[in-house]
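Visitor: Single-letter residue listing:
There are 2 protein chains.
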Amino acid sequence: MAQINPTVGALSKNAEKILRFADKARSMEADLVVFPELVLTGYPPEDLLLKPRFIEDNIEWLNKISPKMSGITAIVGFVDSEEDIYNAAAIIHKGTVVSVYHKMFLPNYGVFDEQRYFQSGRGPLNIVMGDVIVGVGICEDIWYLEGPASVQALAGAHVIVNINASPYHVGKSLLREEMLVTRALDNEVIVAYNNTVGGQDELIFDGQGMIINEEGAVVARGKPFQEDLIVKDLDLSGVIRRRLRDTRRRHEKLERSVASVRELTLHPERVKRKKKGLPRKAVAEPLNRLEEVLRALLLGTRDYVKKNRFRHCIIGLSGGIDSSLVAAVAAEALGSKNLTGVVMPSKYSSPESKADALALAKNLGIKVITVPINKAFESYLGLLKDVFRNRPPDVTEENLQARTRGNIIMALSNKFGWLVLTTGNKSEMSVGYATLYGDMAGGFAVIKDVPKTMVYELASYINIRAGKPVIPERVLVKPPSAELKPGQTDQDTLPPYEMLDPILKAYVEDDKSLDEIVAMGYKNGIVKRVIGMVDRSEYKRRQAPPGIKITPRAFGKDRRMPITNRYESY
Amino acid sequence: MAQINPTVGALSKNAEKILRFADKARSMEADLVVFPELVLTGYPPEDLLLKPRFIEDNIEWLNKISPKMSGITAIVGFVDSEEDIYNAAAIIHKGTVVSVYHKMFLPNYGVFDEQRYFQSGRGPLNIVMGDVIVGVGICEDIWYLEGPASVQALAGAHVIVNINASPYHVGKSLLREEMLVTRALDNEVIVAYNNTVGGQDELIFDGQGMIINEEGAVVARGKPFQEDLIVKDLDLSGVIRRRLRDTRRRHEKLERSVASVRELTLHPERVKRKKKGLPRKAVAEPLNRLEEVLRALLLGTRDYVKKNRFRHCIIGLSGGIDSSLVAAVAAEALGSKNLTGVVMPSKYSSPESKADALALAKNLGIKVITVPINKAFESYLGLLKDVFRNRPPDVTEENLQARTRGNIIMALSNKFGWLVLTTGNKSEMSVGYATLYGDMAGGFAVIKDVPKTMVYELASYINIRAGKPVIPERVLVKPPSAELKPGQTDQDTLPPYEMLDPILKAYVEDDKSLDEIVAMGYKNGIVKRVIGMVDRSEYKRRQAPPGIKITPRAFGKDRRMPITNRYESY
Numbered sequence: 001m002a003q004i005n006p007t008v009g010a011l012s013k014n015a016e017k018i019l020r021f022a023d024k025a026r027s028m029e030a031d032l033v034v035f036p037e038l039v040l041t042g043y044p045p046e047d048l049l050l051k052p053r054f055i056e057d058n059i060e061w062l063n064k065i066s067p068k069m070s071g072i073t074a075i076v077g078f079v080d081s082e083e084d085i086y087n088a089a090a091i092i093h094k095g096t097v098v099s100v101y102h103k104m105f106l107p108n109y110g111v112f113d114e115q116r117y118f119q120s121g122r123g124p125l126n127i128v129m130g131d132v133i134v135g136v137g138i139c140e141d142i143w144y145l146e147g148p149a150s151v152q153a154l155a156g157a158h159v160i161v162n163i164n165a166s167p168y169h170v171g172k173s174l175l176r177e178e179m180l181v182t183r184a185l186d187n188e189v190i191v192a193y194n195n196t197v198g199g200q201d202e203l204i205f206d207g208q209g210m211i212i213n214e215e216g217a218v219v220a221r222g223k224p225f226q227e228d229l230i231v232k233d234l235d236l237s238g239v240i241r242r243r244l245r246d247t248r249r250r251h252e253k254l255e256r257s258v259a260s261v262r263e264l265t266l267h268p269e270r271v272k273r274k275k276k277g278l279p280r281k282a283v284a285e286p287l288n289r290l291e292e293v294l295r296a297l298l299l300g301t302r303d304y305v306k307k308n309r310f311r312h313c314i315i316g317l318s319g320g321i322d323s324s325l326v327a328a329v330a331a332e333a334l335g336s337k338n339l340t341g342v343v344m345p346s347k348y349s350s351p352e353s354k355a356d357a358l359a360l361a362k363n364l365g366i367k368v369i370t371v372p373i374n375k376a377f378e379s380y381l382g383l384l385k386d387v388f389r390n391r392p393p394d395v396t397e398e399n400l401q402a403r404t405r406g407n408i409i410m411a412l413s414n415k416f417g418w419l420v421l422t423t424g425n426k427s428e429m430s431v432g433y434a435t436l437y438g439d440m441a442g443g444f445a446v447i448k449d450v451p452k453t454m455v456y457e458l459a460s461y462i463n464i465r466a467g468k469p470v471i472p473e474r475v476l477v478k479p480p481s482a483e484l485k486p487g488q489t490d491q492d493t494l495p496p497y498e499m500l501d502p503i504l505k506a507y508v509e510d511d512k513s514l515d516e517i518v519a520m521g522y523k524n525g526i527v528k529r530v531i532g533m534v535d536r537s538e539y540k541r542r543q544a545p546p547g548i549k550i551t552p553r554a555f556g557k558d559r560r561m562p563i564t565n566r567y568e569s570y
Numbered sequence: 001m002a003q004i005n006p007t008v009g010a011l012s013k014n015a016e017k018i019l020r021f022a023d024k025a026r027s028m029e030a031d032l033v034v035f036p037e038l039v040l041t042g043y044p045p046e047d048l049l050l051k052p053r054f055i056e057d058n059i060e061w062l063n064k065i066s067p068k069m070s071g072i073t074a075i076v077g078f079v080d081s082e083e084d085i086y087n088a089a090a091i092i093h094k095g096t097v098v099s100v101y102h103k104m105f106l107p108n109y110g111v112f113d114e115q116r117y118f119q120s121g122r123g124p125l126n127i128v129m130g131d132v133i134v135g136v137g138i139c140e141d142i143w144y145l146e147g148p149a150s151v152q153a154l155a156g157a158h159v160i161v162n163i164n165a166s167p168y169h170v171g172k173s174l175l176r177e178e179m180l181v182t183r184a185l186d187n188e189v190i191v192a193y194n195n196t197v198g199g200q201d202e203l204i205f206d207g208q209g210m211i212i213n214e215e216g217a218v219v220a221r222g223k224p225f226q227e228d229l230i231v232k233d234l235d236l237s238g239v240i241r242r243r244l245r246d247t248r249r250r251h252e253k254l255e256r257s258v259a260s261v262r263e264l265t266l267h268p269e270r271v272k273r274k275k276k277g278l279p280r281k282a283v284a285e286p287l288n289r290l291e292e293v294l295r296a297l298l299l300g301t302r303d304y305v306k307k308n309r310f311r312h313c314i315i316g317l318s319g320g321i322d323s324s325l326v327a328a329v330a331a332e333a334l335g336s337k338n339l340t341g342v343v344m345p346s347k348y349s350s351p352e353s354k355a356d357a358l359a360l361a362k363n364l365g366i367k368v369i370t371v372p373i374n375k376a377f378e379s380y381l382g383l384l385k386d387v388f389r390n391r392p393p394d395v396t397e398e399n400l401q402a403r404t405r406g407n408i409i410m411a412l413s414n415k416f417g418w419l420v421l422t423t424g425n426k427s428e429m430s431v432g433y434a435t436l437y438g439d440m441a442g443g444f445a446v447i448k449d450v451p452k453t454m455v456y457e458l459a460s461y462i463n464i465r466a467g468k469p470v471i472p473e474r475v476l477v478k479p480p481s482a483e484l485k486p487g488q489t490d491q492d493t494l495p496p497y498e499m500l501d502p503i504l505k506a507y508v509e510d511d512k513s514l515d516e517i518v519a520m521g522y523k524n525g526i527v528k529r530v531i532g533m534v535d536r537s538e539y540k541r542r543q544a545p546p547g548i549k550i551t552p553r554a555f556g557k558d559r560r561m562p563i564t565n566r567y568e569s570y
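Protein chains in written order, with our numbering: chain A, 1 to 570; chain B, 1 to 570.
Errors might be hidden in some of the hints.
As the list claims (entries may be wrong) - Computed Cβ-Cβ distance ranges for the label pairs, DEER-style:
{"no.": "1", "chain 1": "A", "residue 1": "13", "chain 2": "B", "residue 2": "227", "range": "53 to 61 Å"}
{"no.": "2", "chain 1": "A", "residue 1": "286", "chain 2": "B", "residue 2": "83", "range": "32 to 40 Å"}
{"no.": "3", "chain 1": "A", "residue 1": "259", "chain 2": "B", "residue 2": "258", "range": "28 to 36 Å"}
Keep in mind that the hints were calculated from the coordinates and are not lab data. Yeah, the Cβ is synthetic: ideal placement off N, Cα and C, and Gly gets one too.
One chain only, chain A, in its complex shape (with noise of 0.2 Å):
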């Protein structure tokens, strides 16, 4: 299993990779390899799919490389067309696409939006290599109880092949091997799940594919956070042996749907075996929770920054938690010399918090940049000063001084062509604890979706990680503050966050009401002021950067609600 990080849209690039994976898995002499879905065009292209010359392309590229993968046996992501266009896995053998199946079920929902560009398939395809059935699947047609796994098995399928680019979230891997598992011992089958990894946009595509045998035991798993070539003989005595002993139970409907499944019979080529057998691999193992969303951060910054053509990234540093938060987290994704930090103190920032700035900057080994805002937040104030006669200061006086270092740090932007790194996290998001064109500008938003109390949490694992205090430990106590006005503190407006990220979850995570989330032991008062708050700052969202999604429901295509909206959930 071929675990590789296409890029969308890079047809060419994404078929060089195809071949040299294909190459070096054929030189292991392996039978079959398999590719991820849409591995051609990448996923998900998106609107690219409506573009009829981006479909004709694809489908040249695929036409291009088979010739080159004699040898070999390969199965392919990539956009069929014909009449209509499908989610499709090709069958590569003698150098020839001898068979294509389509993805039967598309899922629609969360980030998916696979029912707006293509057309389900009709029937499951099984392929007869020699002695050993093989059917072929796409992501979604593995996660239903009786779906088109079920009726592979009992149409004699020994190994069910799924090709994926299944996106992460926290605990997801541990999610698929539990679904991968009931849906090996059910079927009798050994399920060999294959996903893609990289970074696109809003999404991570965290790898970690794995072989499940017929007794549910993880027998291979590849890598979490990057490429890899899963390699492994299968051993179907146990699958041969339950077949027929027949011990399985009978199921008519199942049954029923066993003539749908078109098969596919390969003459093998019959390339004698150098080598005893492939070469073991280890099973790699699952990380742990913070380890997991870092290598999650990590990859999706390196991807987003490598595949938009970016050589260098700027952040402004305030000598708070998130700030050091991404920085940390940048410099190790690019290198410490292809990172620098802003540093732009007002008036209102502390000694302490400058001081920080600078020494995580040195822990990181980052350049610094220092531009006091002062003189312009002040000529803004003069400019200002008669429309604003008689009005006290207020939050527009914040929003100033914040959308000044946004302006500088634009201005760094262009004339040195960096990508700015946002550094909000979710639980400011969700409230609209930020300000637009502010501290929100920028091209890429690392924590977008991390909410503060994790943030916390993997400062820390990055000090004990390092075994040494990147990030000053005087970031992790002091109370967070966006230091726009003399002694704020997030707390004179927010809940404490120990009791604003549950709210959040349970609001924006979990579509619960007002009711529910007071019942799970909020105030009512509390619980009704954060969802006011999430709620009026849709507009907000709309026009922030897009970040790496890690919960179960990201904001940007994963959340989608109207900025016009009077439903009140209270």
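Starting from the known structure of chain A, fit chain B onto it as the hints suggest.
Guide: Relative to the frame of chain A, chain B by itself:
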């Protein structure tokens, strides 16, 4: 047909409006009153539909209004729930919901995401009201040649009632009419097509409901872009005569589906009519193209502002054509007293531009605030002097001016609670000829989907319509310029708009490839450059405020392109 303007989420307010229109129809002694698709929730409710409490609340409101609707039969769009949720029409008779129809065809393309939320209904519904059989359908149901309407007609329906939330684009009404005429003629029925009206974020619903008789004649048409009660006594004799002659072509496939039509017999309430039939109403005339677009912009602006509870708007006036058009639209939509223009001259602003901006404001009768930006701009240059040493001025300094303006206008917005209307047109949005956080800063983008060439047409039309130069004549004839450096015009960077706009339409709206656009008669080099600009500006558009869709494909939820995208469309 009650052509009303609900607000997304405003269940109680929508319910109240439904009752008001039902009362009015009853007082006219109508037998049947019909409301638009999802009228109770507003359309589209988007991910509000994932909140179980929202679904419960909408059903609760349906049950609250039903008893108040006795004495008339009503069809009301709402979200039904049984295991899954449905886009549904309640049949309310004698104060009770006597039946529910579930939409069968769920659109999931363009701006539509209905398969994200709803299950498809299983079969059509005919209502027997005395001698008249009325088929019920929802929106997409009627767009298919051999769809539910045909089956309902075969099962005996004389009238097909179709309730809609059909978004506007230029010429859409004519498209609908052609389709409905075909449907009426093919099935020898009367088609009563009711549409919602109003603005919801990016979408405009234009009303223009119509009743088309079995001969394909439009016998009633609702007002464009405003609420209306379309009242009509239907003459069924033509339909009945044809039925008796049974001239219809037989259609085997459809005949087999007739059994799937549920039939609901209502027992009339036999309220004796006092009046001799319903009052006659004029058939509203369709609008000319520019008036139609203008009305869409007026409604979209008014509804976004009002439904989001703003009272006052603010626009940066440059003296150019875009801001002049937006100001003219907003002044008409909101009233002059609810609009303020901000003139923010720099050292590159020509005296003519300032004069034109002030003349426009005077013509419109709106207040003006003048804030010259130079001091703030210069202070930025001072702050950045060291960092920018040895670097020549470039687009950075231009953007910095635009962003200084952005900050000033946002400060006014924050201080006074005014909504900022942005002034970018579709041509600029397409090629990225706009400054993120600069002129793009604001809450609502009135002409975001209007190509520059149409901006000129609309501006001229506004003057013609007013019988006097509301927009100063010079604005219409001077070469367009951002005035961010000396002597700058748009055509330094862009092809002439007469050439740019058709290329953009071909690429953005029609998904044409480089070759196909070149074959339309444009130079390869120019088309390639334009395509490159469009592709590279996706990140800017992602952070743009929402704006009013007036073309078949707008930016926003209508065109979902990846930012990370290495496809070279050439």
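Visitor: Are there hints from earlier that the structure breaks, and if so, what are their numbers?
Guide: none
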